[in-house]
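Trainee: Got chain A sorted already, so can you dock chain B onto it with the hints?
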Amino acid sequence: MPKRTDIETILVLGSGPIVIGQAGEFDYSGTQACKALREEGYRVVLVNSNPATIMTDPGTADRTYVEPLDVPSATAIIEMERPDALLPTLGGQTGLNLAMALSEAGVLDRFGVELIGADADAIRRAEDRQVFRDCMTEAGIPVPESETVESVAAGVAAAERIGLPVILRPAFTLGGEGGGVARDRAELEERVAAALDASPISQVLIERSVIGWGEFELEVMRDANDNAVVVCSIENIDPMGVHTGDSVTVAPAMTLTDDELQRMRDGALAVIRTVGVSTGGANVQFALERGSGDMVVIEMNPRVSRSSALASKATGFPIAKIAARLAVGYTLDELPNDITQVTPASFEPTLDYVAIKAPRFAFEKVPGASTELTTHMKSVGEVLALGRTFREAFGKAMSARELDGRPATPQTKADALALLRVPSWDRYDVMLRAIELGARPGELAAASGVDPWFCAEIAAWAQAIRELPPALADLDGDGLRQARRDGMTDRDIAAATGASEAEVGAHRRGEGVEPTFHAVDTCAAEFEARTPYFYAAFDTAGEVTTDDREAIVVLGSGPNRIGQGIEFDYCCVHAVEAARDLGYAAIMVNCNPETVSTDHGVSDRLYMEPVTLDTVLDVCAQERPLGVVTQLGGQTPLRLANQLEAAGVRVLGTPAESIDVAEDRGRFGALLDELGLSAPPWAVAESPDDTLAAAGEVGYPVLVRPSYVLGGRAMQICDDEQQLRAYLETENPAGTLLVDRFLEGALEVDVDALSDGTDTWIAATMEHVEAAGVHSGDSACVLPPQGAGPGLIDELERQSREIASALEAVGLLNVQFAVRDGHVYVIEANPRASRTVPFVAKATGVPLVRHALRLMLGAQIPDLALPAERRLGHVAVKEAVLPFARFPGADPVLGPEMKATGEVMGIAGSFAEAFAKAQRGAGQGLPREGAVFISARDADKPEMVAVAARLAASGLSLVATDGTARAIGAAGLEVTSVRKISEGSPHVGELIGRGEIQLVLNTPRGRGTQTDGAAIRAAAVRAGIPCITTLEAAVAAADAIRADARPPAPPIALQDIAARADLAVSAAPAHR
Amino acid sequence: MSEGALLVLEDGLVLPGRSVGAPGTALGEMVFTTGMTGYQEAVTDPSYLGQILCFAAPMIGNYGTGPAHVESDRVWPEAVVMRVAGDRAGSAGPVGWRSWLAEQGVIAIADVDTRTLVRRLRDNGAMRGAVSTELGADELIEAARTHPPLDGRDITADAAGPPRTLGADGPRVVAFDCGMKRSIGERLAASGCRLEIVPPSTTADEVLARDPDGVFVSNGPGDPGAVDGVVTALRQLLGDVPVFGICMGHQLLGRALGLQTEKLPFGHRGANHPVQREEDGGVEITVQNHGYAVAAEQAPDGVVVTRRSLFDGSVEGLAAPELDAWSVQYHPEARPGPHDAGYLFSRFVSALG
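Protein chains in written order, with numbering that gives the first Met the number 0: chain A, 0 to 1071; chain B, 0 to 352.
In short, the hints are calculated from the structure, not lab data.
Quantities reported herein were computed from a predicted structural model and do not represent experimental measurements.
Built from N, CA and C at the ideal position, the CB exists for glycine as well.
If a hint is listed, it holds; no wrong ones were tucked in.
Stretch by stretch, here's where chain B covers chain A in the computed footprint (C-beta under 8 Å, at least three residues):
# : segment
1 : 255-267
2 : 334-348
3 : 385-393
Footprint (simulated), chain A over chain B, 3 or more residues, beta carbon under 8 Å:
#  : segment
4  : 32-41
5  : 55-61
6  : 86-97
7  : 110-119
8  : 267-277
9  : 281-293
10 : 333-347
Calculated Cβ distances over 10 Å to all of chain B for the following chain A residues:
#  : residue
11 : Arg3
12 : Thr74
13 : Glu827
14 : Asp1011
With the rest of the complex left out, here is chain A (with noise of 0.2 Å):
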């Protein structure tokens, strides 16, 4: 069937911010099918609160709303847009829940819109547990018995009828948030309450273990004539017991028979046809039982999801422009095979090589946090890895993971067993520990419950490392060859030999091993693949085809982690975009498979392969390209910036000397010497007593923290010697450690610039809302910004410059400042892209990055259409989202160290009114009525009651422990007092497990662990109820409140900003 041509406007609805269980590959999932239904000529109306996505271009839809994503914002959106039809399945289960929020307040009827690609009906069917195992039992499908409860005396009592264990799943949450397996009554009891609690809908399914059974995922799609096609079959390397987000996953499937796989296909093809998704993808998750062949279906997502981009990437065929196209009324046999061009899309993509999603944690980043894998998802990134042999693509997979924490070392083959027993972040590390150590395969699989087909693989793979010769020079070209297809990186013969990686790299080249790259096709090359899509191997023949233009090499950043996140492939895919358009070929290296810049429609050439340096300077042999972009991608390349210019490779933009002085403490000391600016007191440790030797001359409070982080990893805040002390004992930090005085109460400004290397054009002038102390990642901040003067604004700006020209930075530039009493300090200064520049360039309308690249390839600042006049008419919010539900038992509490996973923004006429909205986009709306709780530090306490005064002028009321109830009824408010969680009960801990208070405003006294303080917050994050934590955003909040009691104004599309922004430009050509 041709396309609909009834709808003219579609409504489309993200994912919002990225957390854990949602993230990147809806940026990816939710572009594509933006560009796919423009392609076809509507109109594309997008609602979506995350600033640091493609999604969120102005390009990629015609309206684009960074708006809260819930009922209230959607509504007006609808009503001043009048969409047709509203496409539910792209922003994950933030989406979904927001579709069917709209549908049941009846919106959507009110104002004519229908609901594409899934109806409400079959969401309802997919995601209502007991529906959806009625449905399936009615069809003949297995499913694992279970019952839905509602309480925990009637999930104790169907656990019992069931048998222990018993798995549990929250109703409507999404990567199994407040799941997770009880074994025994005490378990049971208190995870069915926390899963009642997690359920939106206050309901949870109790279900029979299948824990230990080999897990497996189909990925459907199904057109509105029923043809329906597999897309791509994932196997769990990791079985039942540990979420898929979190599992170390292979695509195609590896140990399953074809009889076992055709059943789970007849059984896929059956849910989406019972389910009802008329069109789209779908997700269907089955668990096998080893032995007995048992096979029962788990779950199935009606909608675009992580695995679905996954199997887009894995196997070439995009789900999710398809789905989008299926959803206005194709059917598969009209739409092209993306890769082939002549082939259609109603086929089964088939693989000749092996794919492997490796999962990345941060579990450094929450002390406290459990780090045993669960059925609740704790990763926050991923990296996919393509190889011809499953050991080739998982020692890619290993590789491409860049760990910052530390795998456990076992020292006895005992250990290493026993630690595989439980599933952790780094089993795999402690499976190839546990193999030196002398276990056998069969002793892995014993023990881990993995697949003895995986572990004889890992087996093999280790095995083949050890026997590696002692030195580089024995390795001879047909024993590096030989190495590297039995799956080893350049890295692990470094490490094996002694040699390091450029070393490896560089004998290897010289002995003429170089890798083959061959196309991910779909179709194991039975025809031509027409879009380059590129993985390496070390085959006969390679298959890289060029043209004549000068090609142009971006280096993404690998795997989302907590610090480098989306941000970064947006400012990656903004240079691809430049440099296509400038008539560069982009060439674009990445193995995150959750990102626009690895979908092969982005660049002319895609290589996934990990951002390492063996990588790159395989793909620079086989490109020879004009440069290398490492200045967008965050910390992965621009590390590699000194050792691809020591290769010979031109590193474009600022030069890698001057990323050197940046980073290098010593020398950017030294410049900010030279240029008479001030830094806070700062010294350089190279050993924990000369950090403590340190600290004494720079004088206390200090800021700790290793040289080359990002994120703030390992950064932290000592007020004495004591703490100092405690720090280095903790995180045993190697290498050069920096010591600042930390600035008590200091404002914290950020500016993000460009500059040509004498030239510099200031893009935005940004505020923190919090004090210096919290990491700029987890700080609010504000454009522009509503504290600092005019003065103080112009001193800063010209600071900024100064550092520019000195740097010779060419390209985005980012400088952050502490301010405190009218004296700046020069924090640092970062020569590439900061995590800002997305929120900066939708903001202000300025396509930074664009600019950027014109600079990197040597236009200057007057050559480039930048606006004269950055006087906004709005102001913007951008607000950090934290993981802290995730989890249970680590202190919400902000620090140096980075810990938000995501971002939102607010944008509205007033700063009041903008903060507001950006706390509801990242899920912690502020209340209108209710009670607020209120702890403060005896410092902040003055400012405190001013806050509560206004809060209860706002109409709440207030609840505070002793002593700050004394303040504010000083002050004459009325005030209820409460006795602190260890002063016993009645405590406000149970107030707010009743429900019976809305907001928590509790500032930490000192930064030691406060038992009391940390438990009120993590009572707080436990409810679901906002948890502000400094006084800034504490004052910022009343100011909203009061300012979301007002009528809201019309949202204000992004394309209106950028509009205005190129009148700027054309009223005055750009002079800085």
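Mentor: What follows is chain B alone, placed relative to chain A:
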């Protein structure tokens, strides 16, 4: 662990590998399948007689082997070519794949750059090749070039099994065995017919003497253009008895209806082939294994093309409704591959009443 081996094509491509099966030299038409599972089913498919089978999927042998996974009682390709050949026990059974191949006396080589091989066949078309654990490249290329091609050869008799019956009740179906896969017989019988399997040399009179309610023609190896005996028999049977054909059976029915067969550039072999039904536009994902196709630019009166490949538009189904005869080029019995077309067996059997 094992000795070196070579693979060559008649156009001069030489790829190194290592022997993982029996030693020796094998000659034949080089073909590839893109199916990712069912390696044991594939190599026991009699249609591969006279061919060297290359698996495009790299990881072959992961889940072991077992008697439930064979389509006949021997291995048919002249040799098997792989990127990786495993040898561990798995859910198919305790005997490893390489061990089983060696047991079967099959020449098999692994560590071959199979993707380069597939690309060459795709670009240059079907050709002869050789695999050897003993000869040098030049000798092998020469041997490949002088090996008699499959075209023009009827080798169905070599692939057919002994006469046998399957199923007890229901309509009586006589099946021409041109090299029939076990699953075809099982699926027909399971659909409720009594199947009498006869060799391809069986005449129309001999068929009619069995008083059949229907006639079935199976898959098989070699050039359908040379399998004249079955075509002659079918011409006599058409109109008297309903006829159903699969793969070569489809091609032979086409010839009996007055169409010609032609060689495809490099064949269709895999488990992901989309086939569109003319009647309702629906698409089936099918299993295919054929190097020839029915040419049907101008179908004679009374013959309709019922299905076409969405990969290359080639004919995938024929029907002569007035003669109650129809056929499909693909394999509804699957094994290995998707079950989308499985309904065709009961459609045939139930129509026999």
